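Protein chains: 2
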Amino acid sequence: MEGLENCPPRNELEEALAKAKGFLPNVRLACQTIPTGEVHLRRLVIDDEDVELAKEQGANGFGKEKEVAILFSDIRGFTSFAESNLPYDVIHILNRYFKQIGEVILKNKGYIDKYIGDGIMAIFGLEDGEEANEICFQAVQSALLMLEELDKLNEYLELNFDVQFNIGIGIHFGEVIIGEIGHPLSKQVTAIGDNVNLASRIEQLTKATSVKVLLSKEVKERVQDRIKIGKSFQAKIKGKTGLYHIFEALSLK
Amino acid sequence: MEGLENCPPRNELEEALAKAKGFLPNVRLACQTIPTGEVHLRRLVIDDEDVELAKEQGANGFGKEKEVAILFSDIRGFTSFAESNLPYDVIHILNRYFKQIGEVILKNKGYIDKYIGDGIMAIFGLEDGEEANEICFQAVQSALLMLEELDKLNEYLELNFDVQFNIGIGIHFGEVIIGEIGHPLSKQVTAIGDNVNLASRIEQLTKATSVKVLLSKEVKERVQDRIKIGKSFQAKIKGKTGLYHIFEALSLK
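Going down the list, the protein sequences come from chains A and B.
Taking full-length UniProt numbering, the leading residue of the first sequence gets 1, the next gets one more, and so forth.
Taking full-length UniProt numbering, the leading residue of the second sequence gets 1, the next gets one more, and so forth.
Hint data in this document are derived by calculation from the structure and do not stem from the laboratory.
Nothing here was measured: the structure is a model prediction, and the numbers come from that model.
You may find that some hints are simply not true.
Which copy? The list can't say, so a pair holds if one copy fits it or any two copies do.
[Stated by the list, open to error] Quick list of in silico lysine-lysine cross-link-like pairs, DSBU-like style, CA-CA up to 35 angstroms:
no.	residue 1	residue 2
1	K228	K217
2	K238	K207
3	K236	K217
4	K64	K152
5	K152	K240
6	K152	K19
7	K228	K207
8	K109	K99
9	K207	K66
10	K99	K66
11	K66	K114
12	K217	K64
In isolation and in its complexed conformation, chain A is listed as follows (with noise of 0.2 angstroms):
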């Protein structure tokens, strides 16, 4: 707890619980105390299950809000590929790809969040001190340099496979909850929250519009000075009622 010059001192009752508990000077009983400014707490662990789990955290564990770009993509008909393919290509193609594609996501300042067997999720502005409308644009030109790799790739794959990929990328950016997250051993930084569904709901919509890169209007009205936009639509999203406007990128202005 800090802020303790806030509170008054313990009364009777609370001083004897205090005594009774071996608290120490800041663990002050929310029911006795009335502050008389700001106080900064901290919640109690309430069982052993708890106390393990608090052990365990590192810093990044406790969740922050913050506000992020969250992209995701996938390749249209990379499953058939797979199908058709030898297990030893398929893999060694999704790692071409997720090389290159990580590379831009890198240089940009993202952070590769998970791999969804082709697909790939990744999270803009997890630093802080950075500029929502910086963070959207680095979001936006990695997914148009995302396009232009897939193109060398696609030169690769014709030659080799006689196959080309598209790709359907969707960008939202707003508040999420920041967290270390899964079981002690295999945990990982991810972002939690309705945003993070409504970024994967916008790149499913690519498949519908035929569209590249879709943006939800949060993003859009951040990067607009840069980037050039093409179509608008107007999608039914599961989960938000009325219709959501959403708008296709092309190319930097």
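Position chain B relative to chain A; hints supplied.
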């Protein structure tokens, strides 16, 4: 290349090229060689990018086909819990849940493939030499134990947050491609293929059917001696023609 003894000696044309290019004895021209028995080949790398990737790939990186059980689970209503609670609590609860669920999966020889928000993807049968029936049983047993762990968590949630979670679990068994994929800095072993997508879609059907654990018929056939099967459903599954038969897992027999 293994099985060189099953290839006839180089003919004149091949000999000339082999000399000019400095081929080792185990590099043969497929167009000039008619094998008389079994021969194992390794694909030639094509460009510098391929060479670099091949160097980076470890023993797991090459991709192999394997029959595994794939388990997907998801918490119903977690997003609204996340929206209305403190980030600290959201991450804490998620970690408490993943720790308990993760233990169950690991104890049943499962591999935690990834966390997707509040969801988890696990693979059973990654080790060689396990029987299909046993692999499927481990996966279904994990699912049933996950429900027990959830009951414990729900007592804690009810007490502290006045909320309870439901989960939906889908399990499928089939051939996938196993490999280590991703950008060189963030690779992970995962499963790729249509059977992974099918497992995920079976999990999604738990919502419409209000069933906690759903099995594909490939799993059901392999566990029905040891698992009590409840309702069965005919469902339409995206990417599959006709109706697909799925089954509720109730308890151990």
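Verification of the supplied hints:
1. K228 - K217: Only inside one copy: K228 and K217 sit 14 angstroms apart there, 50 angstroms across copies, limit 35 angstroms.
2. K238 - K207: both (15 angstroms within a copy, 14 angstroms between copies)
3. K236 - K217: both (14 angstroms within a copy, 34 angstroms between copies)
4. K64 - K152: Answer is between; shortest inter-copy Cα gap is 26 angstroms, intra-copy 39 angstroms.
5. K152 - K240: Classified as between; 32 angstroms across copies, 37 angstroms inside a copy.
6. K152 - K19: between (71 angstroms within a copy, 33 angstroms between copies)
7. K228 - K207: Result: close within a single copy only, 21 angstroms intra versus 40 angstroms inter.
8. K109 - K99: Classified as both; 15 angstroms inside a copy, 31 angstroms across copies.
9. K207 - K66: Both ways: K207 and K66 sit 29 angstroms apart in one copy and 30 angstroms across, limit 35 angstroms.
10. K99 - K66: For K99 and K66, both the intra-copy (28 angstroms) and inter-copy (25 angstroms) Cα distances are at most 35 angstroms.
11. K66 - K114: both (19 angstroms within a copy, 23 angstroms between copies)
12. K217 - K64: within (24 angstroms within a copy, 43 angstroms between copies)
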